[in-house]
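Participant: Let chain A serve as the given structure and place chain B with the ligands on it in line with the hints.
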Amino acid sequence: MAQEVGTVPCVEVRKVSKTFPNGTVALSDVSLTVRRGTVHGLMGANGAGKSTLLKILSGAHTPSGGWLLVNGQEVALSSPVVANRAGIATIHQHIPLVPTLNVIENIFLGSEGIGRLPLGALDRFQTLCGHIGYETDPFAIVGSLSIGVRQMVAIMQALMVGADIVLMDEPTASLNENEREIVFRTVRTLATGGTTFIYVSHYIEEVLSLCTFVTVLRDGRVVLDCAAADTDAEGVIEAMTGRRIDRGSARNAATIRDGAPRLEITGVSTAAGVRDLSLNVHAGEVVGLAGLLGSGRSEILSALYGADRRVAGTVRVDGRLVGRGTGAAVSAGFGLVPEDRWAQGLVRQLPIFGNVTLPKISRHSFWSIWPQRESEVATTEEVIGAIGIVSKGPHGLVTELSGGNAQKVLLARWLAARPEILLLDEPTVGVDAAAKADILALVRTFAEQGTAVIMVSSEFEELLHVAERILVVRDKAIVATRVTTETTVEELMLLADRPEKEARAA
Amino acid sequence: MREAASPANSGVIYALVFLVLALTILSDAKGLPSYLSPINVSNVFDQVALVGMLAVFTTVVLISGNFDISIAAIGGLGAAITLLLVDELGVAGAVLAAIAATSAVGMFNGFCVQKLGINAFIVTLGTLTAVRGLILVITDGRTVIADDPANYKRLESFVDGFVPAPALVGLIGIALIAVSAVQYLLTRRYQGQVGQNRLLLAASGAVVLLVGLSGFPPVRLTYSTLYLFGLVGTVWIVLRYTIVGRRLQAVGGNPEAARLSGISVDRYRIVPSVLNGSVAGLVGVIYSARLGAVDPSALHGFELTAIAAAILGGTSLFGGHGSVPKAILGALILIVLRNGFNMLNLGSNYQQLVEGIVIVAAAAVYVIAAQSASQGGRH
Ligand SMILES: Nc1ncnc2c1ncn2[C@@H]1O[C@H](COP(=O)(O)OP(=O)(O)OP(=O)(O)O)[C@@H](O)[C@H]1O
Ligand SMILES: [Mg+2]
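Sequences listed follow chains A and B, in order.
Here the first sequence stands for residues 1 to 506, numbered as in this note's numbering.
Here the second sequence stands for residues 1 to 379, numbered as in this note's numbering.
The following block holds chain B by itself, in its conformation from the complex:
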């Protein structure tokens, strides 16, 4: 528990809280509408949704000991395919085709890295370039739109809408309580040890549920945000509470030890790559549904933001260690920075400079914290 409060573990939370506080005070001082106004909060979450979903699987791929910089291009492919095919195949057909294609690219990445042993950076750099090229080929270099507005309307209905945040908060509370209840039921044979952690989880679930019931926060979240939370929750539970998560960590941390323990390293590296492609495709679908028009450079640069978010969340680039919820907090930091710069009119020229400094500073905090924890015990 003491460790949980250390900078390496919770630094990203402190940083986010600090940033939001600073922006709130600044916007008040400047006489602008409050930074924490319901509309702005809803906006920030909506802006985080896509890059956050990419960050989730970037984190998973990093934990498995791999690396992928092609996801934004793959997402662009998904977006282009959706809009190109929606008139012919209908919404369901187009979405399936997009996700099938992007999963196939993910599979290709995983196969080249794992079975052929080519370096992941090189493979995905190649895929990134080739997939952008492929988008140019299928779109003929032009911006794609759905010809029939009725089709686009149907597609748009998946992202066009709001849910009240308290409902979501309440659901999270119920999920936490459910997790702790399941854990209790499964482990009640070991009485005496059940205590603290379960109770803590259940108690925090109850608090969260109460917060939701009290109607807080008074914000409406977009459907995209809802999808993000769904993905984060699912992946978090799988990583945190299942054998899959444990084995993934072993495969990323020491592939040879995992292999000699009978774990299929190939499977635990290729499946995340495939799913990474699928989720990138899904992000592309949502993107196309939101904009209705996709140009060949769609989602450009999102891969780097996703990787930066994972790093801010403390995920190791060398595998074996990482956290999905913290990656989302990392993504929030980056988006809040951008959004704050816009709101306060600080000049977008400085925005990238500051963003870069934040990333390096965060990485430095993690490295220094890790070093002082082991006192140079590198051997």
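Excised from the complex, chain A in its bound form:
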């Protein structure tokens, strides 16, 4: 196989460097060769420079030094349009779809023609769906879709352009095993047909099995560049971090807890479709919510947090009733790390410390009026250190952070706020392997200090690692409960997936 493909250079990066106006050196002297018809993996810790390199190849950033060759020709990719003409399509880490348009309009957004949609758009859409084996409603408004479905739409958009070089920045983050399989299959099929991929991901095993070649960046430099067959997960991690990490596989046995639960949910319903939800969580317990995309995991968290209006039922913390709305929830000790960090989490206009202290700023102020910046900055420095955020410090801008580090700021926010009940919606999306292990350890630490944690993740393995009890979610309801030590990823997948299978069988 390695002999047939990947002999002709397709994209060549030569001595490329990038320094941002704020002085951050994101890339220095990076050279690599991507061969035609291969899937080339690009890995590195958060802030290593992967997205920056892709943005340079997609024309969104101009390099500060070095040059690029596409198909042997030197090119100046001065804008995304130029890159598109050179046959390069990009799926960015933060999905830039138009939320007010529907799926098919988004997919054909870049295509030429006078009509709102080119002729035969629906047919071409359906052909593509058949080709990649993924079905979705072409007329659904993108803003109403979950982040995973939007990710699939973004992928289809790139494929529809018919590019022969596709750059993918963490395309499977927040996708479920099944959807990931679809992406892999699509990539493999297209690569066999001669399309070249550059594939950025933090899932090391995934990259090693999908890619022919891999390049690892550390602090903006190439530290490993070899055939995927010549290395393994340990080798990659060591190159990425310069250290070996224990990714652990220990499971948490459910502890029998006496006494009243910290969080009591009885008969909660919301307009978003959650019906009659009841659940108890004890102090120190971590509960996992396992479900597929669109299964209503996030809606359940919204119901508990009061982000969706509760039409029935009660939520109690330590026996005390929690009022309506997010303000009441936060005062009652709730914290939420939302699914979409940019749309729901970060305020671009505030510096890192302002984002960290946002929910509990009165704690860092005099008479709840006058913010005490020194205290904010000190706290932020502490949590930045604890979570390992690569940044210019508390005064840095959140817009200058890499994707994984932006995600960590949201965790830092609640680490600083010390909530009694922590709701996590995909907290490790886009976070590198080493940091992921740190975050999962952090969740356990939260629990050990008495916080009740409910965590949603598409990676069931992660839930098995951190939770004691796993609730399987389907159609916005809890359909099964498993103790972590007595279940497996396979069983959870089956439970989460069943109605679809039944529907197909029928």
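The hints are simulated quantities; they were obtained by calculation from the structure and are not laboratory data.
Note that the structure is a prediction, hence the values are computed from the model and not measured.
There's no promise every hint is true.
Selected chain A positions facing chain B (in silico; Cβ < 7 Å) [stated by the list, open to error]:
1) T326
2) G327
3) L336
4) P338
5) Q344
6) G345
7) R348
8) Q349
9) L358
10) P359
11) I369
12) P371
Beta carbons: idealized from backbone N, C-alpha and C, even for Gly.
Facilitator: For chain B with the ligands alone, kept in the frame of chain A given last:
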């Protein structure tokens, strides 16, 4: 500190300084009285007062992520009510009635936008039209004046008078020193970090105070100007130094993130709308006190000047970012332009053309500066 000198942050100051210099040189060259003569300076500030007060809350509303084009109409309503009721209710009663009515319109705006989810532009376009209509109804389409001259005299006394500018400058100096002293007292626990910013603030306060004590500038400012400075100072301190300012920024910048952090987005959007109405009412009261007669199209066009001033001051139309003192500098630029055109007799035909170009040019500077700062980092 380096950032403070960048065009995006201080462009409005450079522009104003440049404009004033140019006008001074031109008026000298033409043999006219100096542009910076005490009378003219006092005049310019007096002309800025009303539109400046509107610009202050336009900025606040923009920061909160809203938009309001009805303020001039609301101000007109306030003015009409004041003069209609001053004979019956006396000055205090009439002013209270005017402000209550205009606050209620502001509340209506905020409610429709926030609770019913109607687009702010549409709501306030409707309010603008309806309130102008309401003024026509209550004034019967005629110019209103107070029947009893004694009542008008009492009303006028609120705007008819001068304060020496050095006194005001001195007060600003003392306020700056006070702010830095309070900050020092509150944060002295964190020693070692107290340094620079506090010192800078205190030092600039001391300089300003000395300037005031030395009797500079030799200008008398009108009461209206004084009210403007009072409003700007208060709002600036609230936005810059309190939790309210921080939360307002969060609500304007990313309402969903603010809501999920437990902040009441409704409150932080509706309260500015209500206060916007109140301040517009106050502007109407001052207007009626200054002129003594109000016709139904009073304050016409002031809303657009206020919005333009906010934009010149670098306030984002998309929320989350803005500065009140800079909005006042923006208003000063626009008024100085108008005033300069008149003084130099450059023909008022060109004045609006130039004003429009200045607004677009300023917006362009901000956009380009923001882009080059992030190097296309739009994702
Ligand atoms: N617009 C910007 N301005 C200034 N610095 C930036 C900007 N964008 C990225 N950086 C910095 O450049 C470095 C590399 O960022 P990049 O986004 O390429 O990382 P990454 O490898 O994609 O990380 P992640 O896995 O977290 O997505 C980081 O230190 C980041 O803070
Ligand atoms: Mg990235």
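Participant: Can you verify the interface hint for L336/A: is its Cβ closer than 7 Å to any Cβ in chain B?
Facilitator: holds, 6 Å
Participant: Holds or violated: is there a CB of chain B closer than 7 Å to the CB of G327/A?
Facilitator: holds, 5 Å
Participant: Would the stated hint for I369/A survive a check requiring a Cβ distance to chain B of less than 7 Å?
Facilitator: Holds - the Cβ of I369/A comes within 7 Å of chain B, reaching about 5 Å at its closest.
Participant: Taking the least C-beta to C-beta distance, is Q344/A closer than 7 Å to chain B?
Facilitator: Holds, because the Cβ-Cβ distance from Q344/A to chain B comes to roughly 5 Å (cut-off 7 Å).
Participant: At a threshold of 7 Å, is the proposed contact between T326/A and chain B supported by beta-carbon distances?
Facilitator: For T326/A, the interface hint holds, since the closest Cβ of chain B sits about 5 Å away, which is under 7 Å.
Participant: Next item in the hint list is Q349/A. Is there a CB on chain B closer than 7 Å to its CB?
Facilitator: holds, 4 Å
Participant: With chain B as the partner, please determine if P359/A meets the hint condition of a C-beta pair closer than 7 Å.
Facilitator: The hint holds - P359/A has a Cβ within 7 Å of chain B, the shortest such distance being about 4 Å.
Participant: Taking the closest Cβ pair, is P371/A under 7 Å from chain B?
Facilitator: At about 6 Å, which falls below the 7 Å cut-off, the nearest Cβ of chain B leaves the hint on P371/A intact, so it holds.
Participant: Does G345/A hold up as a contact with chain B if the rule is Cβ-Cβ below 7 Å?
Facilitator: holds, 5 Å
Participant: Taking the closest Cβ pair, is R348/A under 7 Å from chain B?
Facilitator: Hint holds; R348/A Cβ to chain B Cβ min 6 Å, cut 7 Å.
Participant: Quick one, is the P338/A hint okay against chain B at 7 Å, beta carbons?
Facilitator: holds, 6 Å
Participant: Minimum Cβ distance from L358/A to chain B below 7 Å?
Facilitator: With Cβ-Cβ at 4 Å, under 7 Å, it holds.
The structure fails none of the hints (numbered hints given earlier).
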